[in-house]
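**Q** Starting from the given sequences, assemble the full structure and let the hints guide the process.
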Amino acid sequence: LIFQEINDVDVQELVRRSIGRLTIIRQTFPVPQNISQRCFRGNHRISSSLCDPKDPFSQSMEISNLYIYDTVLLLANAFHKKLEDRKWHSMASLTCIRKNSKPWQGGRSMLETIKKGGVNGLTGELEFAENGGNPNVHFEILGTNYGEDLGRGIRKLGCWNPITGLNGSLTDRKLENNMRGVVLRVVTVLEEPFVMVSENVLGKPKKYQGFSIDVLEALATYLGFKYEIYVAPDHKYGSPQDDGSWNGLIGELVFKRADIGISALTITPDRENVVDFTTRYMDYSVGVLLRKAEKTVDMFACLAPFDLSLWACIAGTVLLVGLLVYLLNWLNPPRLQMGSMTSTTLYNSMWFVYGSFVQQGGEVPYTTLATRLMMGAWWLFALIVISSYTANLAAFLTITRIENSIQSLQDLSRQTDIPYGTVLDSAVYEHVRVKGMNPFERDSMYSQMWRMINRSNGSENNVMESTAGIQKVKYGNYAFVWDAAVLEYVAINDADCSFYTIGNTVADRGYGIALQHGSPYRDVFSQR
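Counted from 1, the sequence shown has number 325 at position 325 by full-length UniProt numbering; the numbering is strictly sequential.
Just so you know, these hints were derived from the structure itself, not from any lab.
Any given hint could turn out to be false.
Cross-link-like lysine-lysine pairs, in silico, DSSO-like; alpha carbons within 30 Å at most [to be verified]: (1) 472 - 292; (2) 116 - 81; (3) 236 - 435; (4) 226 - 204; (5) 206 - 236; (6) 236 - 204; (7) 256 - 206; (8) 474 - 236; (9) 472 - 206; (10) 226 - 207; (11) 82 - 116; (12) 115 - 82; (13) 236 - 472; (14) 236 - 292; (15) 256 - 236.
**A** The structure is reproduced here in structure tokens:
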């Protein structure tokens, strides 16, 4: 808060009414150390109500009144110097007729006299720089602090003057030492791998483990505080309600039932309006969890490159060509060598045509010209068919290997065969809603995603907890949009290896530790 028209009474009232951390910058004015000289300026005396800090009226007086007093004093001093130096320019009489009005010839000289200053007023030494500003201004920086009992107060953090600049520290270093022996109440939400229950013995407090717990334990070891963990009653991260209140983990901090909130908690603008966050300790990204397509064994997969009707045509062609070859040999039988036992029966003709089709040949010699012309055409036909079959078979096997066609959020938004959703009222849900409903962005991907996620007012495709979304993917036709770090952990640790993930980075967000608004621990945690 930068406001020079604020006195000590107003500052204390602000501290009492506010819920956040306050930093106040206000102008200060020098007070003579000699009490007897405080109300004297040169050869004239000032009323104690204006100059004595102990006077009640002086404490509540607005600073603008001090400037008004100094303005009159500065003008009077300038007039006195002009008259004393006998350089006063008399003013022409004023008229209401504009065309007869003449500017005062002594105005520029009067302005130069005023700029010379040299007057010691209620706001200090009055001087003017080239830009018209007073170079002798002083400021003090006030900030809320927390004593041994963590009560809110106000203290002077530092001061600024044009000669030495900033003096003092804007951080509360005393708090680091005061945290030894402090017991903090920590609220969390179970989310693998950030927070998990490691031990649950009846009659004993639950023990937790995970990445966020490791971060909290490292802070506790370094700063010396102790903590108690409990899970948010509704198992939610928190979202604003219709009445303006918050539920979930954020609600526990807003209602001051907890000191710290830690889990897979993302830093969002809405949450920063009601709680404080440390600096991000890990970048955040959105991912999608999908189930791998089930692999089936097909004994007739070799027939897949051609349609069944095409196979029927090929079989019919083999029979027809075999019959034609037999008829040609029957009408014009070949001359067999002495001792040859091979006969040109219908069976042998069919077998020869089939062997030629699969590029294996046959045993029956056909030496007549008509038969050779027929077989030459048949071999050319077989070459074309076999080449087409080989190419289609390679393409079929490649498509089978990359049958997971959804590889990005764009692919997910373009299809409607697989429904998808996220946790209702979560950060991901709000992110898609804001992007999808913003008419200025016109992002077709988020618009399509929001239409799918918002079906039946969000109840059809969304879940209440992330574990429910993971189970829905495992046992149904569903895609779950959630934190990429959580989904990757689930996919890696799945016993059946039935999941795969796709990701899409959101670089403007990260995971952080949430604290009560105005908490004294925010800066200490962020510096670690």
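**Q** Going straight from one Cα to the other, do residue 236 and residue 292 come out at no more than 30 Å?
**A** Roughly 29 Å between the alpha carbons, so the hint for residue 236 and residue 292 holds.
**Q** Can the restraint linking residue 206 and residue 236 be considered satisfied, given a maximum Cα separation of 30 Å?
**A** holds (19 Å)
**Q** Holds or violated: residue 236 and residue 472, Cα atoms, limit 30 Å.
**A** holds (19 Å)
**Q** Hinted pair, alpha-carbon criterion (30 Å max): residue 226, residue 204. Please report holds or violated.
**A** Given pair residue 226, residue 204 holds - Cα atoms ~17 Å apart, limit 30 Å.
**Q** Are residue 472 and residue 206 close enough, with their CA atoms no more than 30 Å apart?
**A** holds (28 Å)
**Q** Check whether the Cα positions of residue 256 and residue 236 lie no farther apart than 30 Å.
**A** holds (17 Å)
**Q** Need the status of pair residue 474, residue 236: alpha-carbon distance at most 30 Å?
**A** This hinted pair holds, its Cα atoms lying about 22 Å apart.
**Q** Given the hinted pair residue 236 and residue 435, is their alpha-carbon gap at most 30 Å?
**A** holds (22 Å)
**Q** Would you check the hint for residue 256 and residue 206, treating anything up to 30 Å between C-alpha atoms as holding?
**A** holds (22 Å)
**Q** Decide if the proposed pair is consistent with the structure: residue 236 and residue 204, CA atoms, cutoff 30 Å inclusive.
**A** Since the Cα atoms of residue 236 and residue 204 sit roughly 24 Å apart, the hinted pair holds (cutoff 30 Å).
**Q** With a cut-off of 30 Å on the C-alpha distance, tell me whether residue 115 and residue 82 pass.
**A** Status holds; Cα separation ~13 Å.
**Q** Taking only the CA atoms, is the gap from residue 472 to residue 292 under or equal to 30 Å?
**A** Roughly 13 Å between the alpha carbons, so the hint for residue 472 and residue 292 holds.
Violated hints are absent here; each numbered hint is respected by the structure.
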